[in-house]
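Chemist: One letter stands for each residue in the lines below.
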Amino acid sequence: MPEAQEVSKEAGGLAFFIDELEKSNPPALFIKGVRKMSFGSKLGQFIIRFVFVVASVGLLITMVTVVLNVGGRGLFASPLLGTVEIVGMAGLLLVPFALVITERNRAHIVVRMLVSRFSQRLQSLFAIFCFILSLVAVALLVWGGVLQIWDSIVRPDMVTPVLRVPKAPLISVLVVGCLILFGILLKHLIEELVKGRKK
Amino acid sequence: MSPILIGVIGIGAVLLLMACGLPIGFAMILIGAGGFAYLVNLPAALQIVGVSTYGIVSSYEWLVLPLFFFLASILFYGGLGKSMFRIAYTYLGRLPGGLAMATIGAISIFSAISGSSIAAAITIGTIALPEMKKYKYDDSLATACVAAGGTLDILIPPSSIFVVYGILTETSIVDLFVAGFVPGIILALMFMALIYIRVRINPNLGPPGPGTSFREKLVATVECVDAIVLIGLVLGGLVVGWFTPTEAAGMGAFGAIVASLIRRRLSWKGFKESLWDTVQNTGMVLLCLTGAFILTPFIAMSRIPMELAGLVIGTGLPRYVIMLLIILVYLILGCFIDTMTMVLLTIPVFFPLIKALNYDPVWFGVIVVLCVEMALVTPPVGMNVWVVSGLAKDVPMELIFKGIWPFVVVELIFVILLIAFPQIVLFLPAMLK
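Respectively, the protein sequence lines represent chains F and H.
Residue numbers for the first sequence, in my numbering: 24 to 222.
Residue numbers for the second sequence, in my numbering: 45 to 477.
So that you can see chain H by itself, here it is in the shape it has in the complex:
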């Protein structure tokens, strides 16, 4: 059998084992090691397993992920989400659909410190959903804006998906973070505009809340000052070049603990629970990463990425069409596969093709993250929808999915916009160089 055929069978086997319910990390380890042993030999495969596992577990770069998870957990258990929602509410609450817009705004602020979309949806959703209920917001709009807003977290830096993409493709993580910032803000504004237009058309969807005085705005801003300092520390430090991503995450986590302690928001129990959550998430993600790093040498040995690149370019299709096809693959996969797995499985295959087509790796990283965002809210997997459904138990899942579609359409329009005008993504990294 040719190596390509072995590679194709291997990828099929990974998908099959995943469908059988085997944890994705274990599926990749088994097929990666087995395939490499078949193509080369068993001692070489075991060498790959040993070196890759030790390399990932003791990697300074990869440990950025647990630190960002820890930062998000501390923010969650430290109750910082409340002040973020309050500041967004005081400025936007009096507008039609203002509470929903404030939810998007609060998630955007939260996203600038945290790198976990689920943490964002839970933290802000816990506060925003009861408020929206109180002001008789449409259930579908209220829940959908939390679920869709939560996806902003992986686009607005820091983002765990950017970290994974950056290390897999050897692209600067700082460049990716910087590149994600402007699209993240634009997308948040587009979400707000969508809410505003929908509520203007049908005012019953989200009645305006009571106005707030200047004093209330000032108090809310002061209350949020620690969050603003943290954003400055994490993002500012990265952009200015004071910190590496790992250092930014470490400083952010430390800063969040200090801020929560000063404000007496973090109890000992909350601290232990944040450690527990972080440890659990670390195991979950790093097993997948270990699997991906064992699977990748097998995929490379099978020559699938190179052959695929040659085959696709050989068809003579315009590169925009190829890009649209890749996005279509992501959208389809996103309906069935978890976001991190999707990135780990597809990037080793697609990235050589992207390079051959002369696309900018930073720009492609942002496109991938946007596609992954959609996967977080599209049925039937739609992780964020499941999370929001857990928060709003009285709202049927179908109603949340019904409310999600306008947001998905906005995201699709935005992806097309970024394909047509890549400068939206690339101007800030270029300017800061």
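In isolation and in its complexed conformation, chain F is listed as follows:
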């Protein structure tokens, strides 16, 4: 881990800032001042906590909006205006940031059956190869998102149908989530490179 931090600092990328406090348990994110941490660690912890809070807020907004809509419709014959759009916007808070948490925990769906049979060194090479491809995939998501933002800016009709919310800021949230995901992947790539060199 210390080596990984050093390389990250040299790289000067977002990976430097996204440092994890603990590898496993979520409650560790909520323990304050357990040990002295570097600025990078603190900032990394803050970013992960921020991402988790944003995603959780998105999830809770989704649930509450749906409940209010059903309640309003059933009890007062007055459904919540723009429920579908509000839920969609909450989804924009939830999903991109959820991707970050999933990557942080390295919990994406992966078939390890074949690679796990290889030597440690070869496994490390495959991991580096996969991180690079993952970065390319996320870069594509960012690129596609930026094009959508540009589209929304030049075309004034790009608003949500009921609440008339411009789409550009909404898509920007998605792009921000993808950029943080890019940073996390970069950090994991650097860690894997350092690990690979040691092997």
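Treat the hints loosely; a few may be bogus.
Pairs of lysine-lysine residues, derived as DSS-like cross-links and limited to a Cα-Cα distance of at most 30 Å, are as follows [as the list claims (entries may be wrong)]: (1) F:65 x H:316; (2) H:437 x H:177; (3) H:399 x H:126; (4) F:65 x F:190; (5) F:65 x H:313; (6) H:437 x H:178.
Derived by calculation from the structure, the hints in this document are not laboratory data.
Following the hints, put chain H in place on chain F, whose structure we already have.
Modeler: Okay, now just chain H, sitting in the frame of chain F:
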């Protein structure tokens, strides 16, 4: 190169990248965008990437999945599994193999609220396995019944696989949920019958537990009343037409929180952990969905599904034989690929063929889910077996797999039964229309 060849190479590349250890969602994004750029052009491919990603992330329909994950997590951390196991135990526990049957029963009740087989296996397994150990149940039977029982969760509605299938094929999710209900109950009963017969043949596998009084049964039922209300709310609301699937999931999650708070079962820590689990699972599944929606236009542009349908129908094989071949493909894939990935990769290819063969999409959805269920317990991937192995650390994995085979055979028999009598699946949706 012809578009079909490009498509075949693309599918091969996705499988190859998956085998290399690339997360499946990223593999589909890369090949989907790359293939589409090759067949059409780069700006069109980027347009597909942007539109698909935004479309999925902000989709009201897709957000049903996080809400169902949240519901399952709340049930897990709220400890509702305990009362579900107790009610099943008080009614079935005194029978030979009763604890194992109670485990299947408890998982069936849990499944009627949750849509995650792993959550079902963990929630009920955590309670049932120590009990079965206490009464000297055979390790193989005890662990296998939790792993196999857990698969019922994706057949008994609500089910995340039904949601994915429904949206991919534009089939009514409510119809799929309704259609899965009767097969789910029948399969649970078949599992129980299997346990009963095995224990009758060899009583040492699962000795009967002590009988329970009427009062104990009543107390267990009262304790489970919130779960029964939740089932009524989620399933009843869907079937009667009060809720859309997203609303049912939202109401279910909200109801589960309220019930857990009233019973003082859910701590602040448990609530945060359920949020954490939900967020993580959301990222895991929705990345795959995004990838699938970027890959699908490429597959469609390559014309593989249409050509495959034409080719298969052109062979003149009876449609039942084609269906058996499709099931065989699922069984083989299930040994290597995760369940969600299997559905996302195969449905865009197989579904046009199914439509051309005049099979009912709702019926096929149930068949797919049954095949996927088997994938959850067949070696070497068998996710549920891994989960149960984590719960029963003293039981070797081989012993669990050994105990699983009778359940897999029962599932296979059931699939054949559904092919022969599709009415088992279709009568309830037809009746409720």
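Chemist: If a hint holds in the structure, say so; if it doesn't, say that too.
Modeler: Here's how the hints hold up against the structure:
1. F:65 x H:316: The hint holds at about 21 Å.
2. H:437 x H:177: Distance ~12 Å between residue 437 of chain H and residue 177 of chain H Cα, so the pair holds.
3. H:399 x H:126: Given pair residue 399 of chain H, residue 126 of chain H is violated - Cα atoms ~43 Å apart, limit 30 Å.
4. F:65 x F:190: violated (33 Å)
5. F:65 x H:313: Since the Cα atoms of residue 65 of chain F and residue 313 of chain H sit roughly 22 Å apart, the hinted pair holds (cutoff 30 Å).
6. H:437 x H:178: holds (16 Å)
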